[in-house]
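> Next come the chains, spelled out residue by residue.
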Amino acid sequence: MNLMEDLKAYVDGELSPARRAEVEAAMDQDERLRQEVEELRILSRLIGDCVVEPEPVGLDATLSALEKAKPRPLFARVVRNPLRYGWAFALCGFLVLAICFPLMREARSSAKDVVAMDAGTGSSVDRSVAAKSSAVAGAGKSPEDNARLRNGSAAAPNWPEKMYHRGPSEAGESDDMKVPASEAPSGSAGFGIQVDGQGVDGIQIRDKADVPRTAPDGGSDSYFLSSPNIAKGLRAPMLIRSGDFSIQVQKVSEAQVQVNSLAKRMGGYVEQSQTSAPLEGQASSYLAMRVPVQRFDPTIIELRKLGKVLAEATNGQDVTAQVVDTEARLKAKKAEEQGYVDMMKSARKVPDMLEIRDRLGTVREEIESMEAERKSLREQAAYSTIGVTLSQPTPKKTVVKPVKPSWFDTAWQGASERASGLGRWLAEVGMNLLVLAPVWVPIVVGLWWLGRRARLR
Amino acid sequence: MSRGLDIGEIARQHYALVYRFCARRVGVDAAQDAAQETFITAQRVLKKFRGDSSLRTWLLGIAHNECRRLCRTRKLDAPCVDLKEASDGAPFEQMIVDRQALSEALNKLSPEHREVVLLHEVEGLSYDEAAEILGVPAGTVKSRLHHAFLNLRKSLQEYSGGVR
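Keeping their order, the protein sequence lines are chains A and B.
Counting in the working numbering, the first sequence runs from 1 upward without gaps.
Counting in the working numbering, the second sequence runs from 1001 upward without gaps.
If you're looking for bench data, these hints aren't it; they were derived computationally from the structure.
Remember, it's a predicted structure, so these values are computed and weren't measured experimentally.
Don't be surprised by glycine CBs; every beta carbon is placed ideally from N, CA and C.
Hints should not be assumed to be uniformly reliable.
For each label pair, taking beta carbons as the anchor points, the in silico distance ranges come out as [to be verified]:
#, chain 1, residue 1, chain 2, residue 2, range
1, A, ASP28, B, ASN1065, 39 to 47 angstroms
2, B, PRO1111, A, VAL435, 33 to 41 angstroms
3, A, VAL444, B, GLN1013, 40 to 48 angstroms
4, A, PHE94, B, ARG1069, 28 to 36 angstroms
5, B, PRO1137, A, ASN81, 40 to 48 angstroms
6, B, GLY1124, A, PHE89, 45 to 53 angstroms
7, B, GLY1124, A, PRO82, 44 to 52 angstroms
8, A, ALA18, B, LEU1055, 31 to 39 angstroms
9, B, ASN1065, A, GLY48, 49 to 57 angstroms
10, B, LEU1150, A, GLU67, 43 to 51 angstroms
11, B, LEU1055, A, VAL445, 32 to 40 angstroms
The task is simple: from the sequences and hints, build the whole structure.
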């Protein structure tokens, strides 16, 4: 290290002890160094002593200025200088309004939409079902009935429009299953149903005095109800009962399993099953179950527990008259057959015998046909068919109602759009400046540096 | 650290120091403004003063920046360094150095060299304090001071044949 460069620091006492010792050792050996140090010391003292120390002025003015510039609370500063801070507050307020007002308006309109939807009766499908039910049920339906039916939706295709079933909680006479006396077959008029002394919903319970006490001939005991009050001599109507249900469930696959289980538990089976799971939309499934007719109503009650019943319909076709008629004709034909058999026994001539045999064959064919028909009707009446359509709930669509904007909304929207445009423009400018920074930053820095050099000179 | 410090009291204690510091850099005419701005700035940033350096150094640092700003905005040139008149019975060294020569030698120094000479020799600041005010390492101050004195002696020798 150059010893000469440290001489000034030595004079000023700014050297480390080690370096100071080195310098002193060198000075002891070199007269020229001692002379240099002495000259530096003299010059340093001269400068310190000779430089003029100007008399300070302006302390009072400075203290006064300090008092004026004393930091005050924000509120006091705003009051003292509103123009300085007013624009900042205005900008903040504008930003707050720009953010909050659209949100509030959106929330308000959403609330209105929800109220409007609640006030209405639901989707168009619901209304169509309600209209259908009104048309089917007729003017005799009470408003409560129509309201109940409107709660359903998504009616199944090929929905039977003959009659709609009423809920289990409703008491009294049911119009749904009531068959007008004028339309009822003569053989079935006056039949009633009572299971274990309890009325079954949806089926009219008639006065027992109107019920004929004689059972039709040829009727099977299996078609008589088990109730002790009506079992004797009273033939149950032979009804081919069917039903259709549209049920909204949380999960279609689980509900399918439940329906299968229910069918087995009731002594029936699932005859048909169709499942659709589209890529977009909700999965749905249709099952056709067959259950014994005696278990028809308990099955319906169990089905209602699967989920939200959107629509339901039951249909009953009374084939009692048809069966009775068939059996009567069968009885007549059997009597005719017996007559032919007796004639055959007493016939003596061959042509007579051939003629009787032909007649006997024809009668027997007719008897077999009638027996087959009767058997078919009995089988149909023995098992009821219930169609179940399972579906999952679909998300509600928000209905945005056009709202006529007020002058304030229009002005606000215009101002918001202009502010948004300004923001976009500023963002574009900022992005351009950022991207082009390698070009303009060196130029600006160079110009600033040149200007600074010029000022310093 | 800044708790309990009253800017009014600080101003009363250090105003003379700051005023003289400013006067040597921007001239007497602008010194009052520079000193006032120094204390107003100090009042504004007093909460940030952590006591890492002495209050005097901190104030002179602010004053240094204010002087530079004032020179830039008002386009001021660095004032000449004025020396006191020699009095009767002056010391020997004052007799052998022509004051006019010394004044010219000081004014011929570059701004950087003159700055360190004023800070150390006139204001009496150490190398570290001068380095903090100027924002340069202490080694730079030492080097600048060495070269400043070389130039001073050279100028004086040229003017009057040397101190010797």
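> Now tell me if each hint is right for this structure.
Hint-by-hint comparison with the structure:
1. A/ASP28 with B/ASN1065: 39 to 47 angstroms: holds, 45 angstroms
2. B/PRO1111 with A/VAL435: 33 to 41 angstroms: holds, 39 angstroms
3. A/VAL444 with B/GLN1013: 40 to 48 angstroms: holds, 42 angstroms
4. A/PHE94 with B/ARG1069: 28 to 36 angstroms: Taking Cβ atoms as reference, A/PHE94 and B/ARG1069 lie about 35 angstroms apart, which means the hint holds.
5. B/PRO1137 with A/ASN81: 40 to 48 angstroms: holds, 43 angstroms
6. B/GLY1124 with A/PHE89: 45 to 53 angstroms: holds, 49 angstroms
7. B/GLY1124 with A/PRO82: 44 to 52 angstroms: holds, 47 angstroms
8. A/ALA18 with B/LEU1055: 31 to 39 angstroms: Holds - the Cβ-Cβ distance for A/ALA18 and B/LEU1055, about 32 angstroms, lies within 31 to 39 angstroms.
9. B/ASN1065 with A/GLY48: 49 to 57 angstroms: violated, 25 angstroms
10. B/LEU1150 with A/GLU67: 43 to 51 angstroms: holds, 48 angstroms
11. B/LEU1055 with A/VAL445: 32 to 40 angstroms: 35 angstroms Cβ-Cβ, so the 32 to 40 angstroms window holds.
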